[in-house]
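Q: Protein sequences, first through last, are from chains A and B.
Read in order, the letters of the first sequence correspond to residues 1 to 299 in the UniProt record's numbering.
Read in order, the letters of the second sequence correspond to residues 1 to 408 in the UniProt record's numbering.
Incorrect hints may have been included.
As the list claims (entries may be wrong) - Below, a sample of chain B positions facing chain A; criterion: calculated Cβ distance under 7 Å:
hint, residue
1, Thr102
2, Ala103
3, Val157
4, Glu161
5, Tyr163
6, Ala195
7, Gly198
8, Asp200
9, Gly202
10, Ser206
11, Gln208
12, Asn276
13, Lys280
14, Ala405
15, Tyr408
Since the hints were made in silico from the structure, they are not lab data.
What you are looking at is a predicted structure, and each value in this text was computed from that prediction instead of being measured.
By construction, the Cβ of each residue, glycine as well, lies at the ideal position given by its N, Cα and C atoms.
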Amino acid sequence: MLTLIKKITLGATLLAASATSQALNIFACEPEWKALAAEIAPDANIYAATTSHQDPHHVQARPSLIAQFRRADLAICSGAELEVGWLPMLQMKANNRELRTGQPGMFFAAEAVETLDQLERVDRSMGDVHAAGNPHFHLSPSRVELVAEELTKRLSLIDSANQATYEQNLNNFLTRWTAATSEWEARAEILKGSNYIAYHSSFRYLFDWLSMQQIGDLEPQPGLPPTPAHLASLIELSRNEQVAAIVYTGYQDGRGAQWLSERTNVEQVQLAYTASDAHPSLFDVYEALIDELERIHND
Amino acid sequence: MKTKTSNISKTASISSVLALASVASTPVLAQSDVNLSAVIDGYFQEDELSEGLREDGFNLGHSEIALSAPIDDSFYGKMTLVVASHDGEIELEMEEAFIQTTALPGGFGIRAGRMLSDIGYLNNQHLHTDAFSERPIAYRAMLGSHYADDGIRLNWVAPTETYIALGAEVFAGDALALEEAEATDSSIGVTTLYAKLGGDIGNSSSWQLGAAYLRNESGQLHPEEHHDDHDMHDDHDMHDDHDMHDDHGEHDHGHGPAYGGKNMAIFDATYKWAPNGNYKYQSLSLSAELLIADDLYEEVDLNEQNIGWYVAGVYQINPNWSVASRYGKFKGWNFHEFHTEADGTTVAEFEAEETTNTSLSIGWHPSHFSVIRLFATKEEISGESSTSNTIVGIGFNTAIGAHGAHAY
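Given these sequences and hints, build the entire structure.
A: Set out below in structure tokens:
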């Protein structure tokens, strides 16, 4: 009898141990957060809801996303209303109580940082703007640090058995990240004060970080596609100002940039924006960005 | 009788909306997570489609006011009030007023109150998200365009990579009752069971399949009571004589279906495509549904089924323009007359009527929040009263305020 109880106890302990060592499922709304989560929790199953070719403002709350959201122990999303068009639908449909807003499992990166361009007053006539500020902050190294730290706290809360590992991974990441940041900043010294025309406010934090300037936007208003009249006004602008390049991301339509480039002789470039097959880690993304900006400068 | 009931609920609706409106104007609520939104839907069309919701001329369509928010840690709540004009009068209808659990474990969810049933592909979607001015003829004839009712739903989502959702609903059934008397006989008029399955194919495509069963305790007609209604005939509503709610003539829109059956099965399939999964610029959405109902008449054994189906495609050419096309058919059985055989037995005679709709719609989208749409539907009815008619119209549909995300 005693042996039986011992056996059962042993079995239960083993079961519990295997349960805790089971890999976490992480749902990342954007590829940049998948890349960051992979630094802190490399053993987790990390699913990215969007790719570098998909505009995270315009995602369909499709069945596969609901299924992945249901399975996840932690969701990491930019927040600041970037995913307002689809994330609430996933939360509603997936029946995952751990990923309710306010729970440790639902992590909005924007809550860990201070966003730029917060607005006192917002109305639709201003386009797709959000009072919570610009949510494209993954191209700000200091903000990525803050997000990494908060993410580590969340992971430790959800999976306390592996807290030490997460903290160790964070320290390791921060050491490499700080070193890389200084290197990027040194290389980007030459870019200070240079002017760009961009699509949307996607590179707002990059420009802010490296003291570059966005002097024109291909969108007449945030979220609205370029119009001929608006593009024509940008021709005027690039005549009066020295513009280094017209830049856009992998999910933005390059046609407006191309049109403007042909008429102004300003180079148009699709810049690395977020993690992808070509640039799997955030280090790779930043590296590719700085390389490209250097090349533009030297041309 | 029916009119009186709806008047009482109208009064209740108005007062509750006024109460909510006054609450909404206080700053406390404005700062919290309450979504207050309105959809304004206006149109002009030159004629009416059979079993449709839209009248001819200038009208308000399916304009709505919606209020939603997390109630507390465990519940989410939503209320949608629909405002439509019918025969020059404003009609208010409470389309949704439900609470939804958010904290149940194990992938379970419960919704209670008034809600859109989750059967089929289109039914749980709001009318203003459609690419067409009216629901397919199958929905118009068999579900009263879209089926919302008072009841409760239990659903479960599987923890699998492939999306699997199962659900069961019980409803009062009044909104689908073909016979008013029958509806009051039972406190549970409609029961549904459904399953949905879905996933991705690569980065660019996604799909969903659904199957549903609906049992409607009041879904049967009585042949003897309604066959003498022929003077209700009207130029543009061939089906008035079949609309069992319609005791007061053509202008009382009961929203209930004219056709039913005690048992109904619905199958749906959806496929969506966008280049690299980027829906911002271009996308294609294809969907098809099949609705089959049997046990159509009480007391008479009619060994036939009411069958409706449609295939629809919506192509978003660029952020500003979309085109949509839909083909749909519905075949429904109507009681014709009692016939006395030579041996003295009485036999009920039925006739099938088949309606075919071919629709085309072109939308101009100045932004995500507004669309101006030109639409045309060719309707052909064969059977007892054979007709062919093409209806064209123009309408706008705009959303004000923080409108919630829309279903797949």
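Q: Kindly indicate which numbered hints from before are broken by the structure, ordering the numbers from low to high.
A: 6, 9
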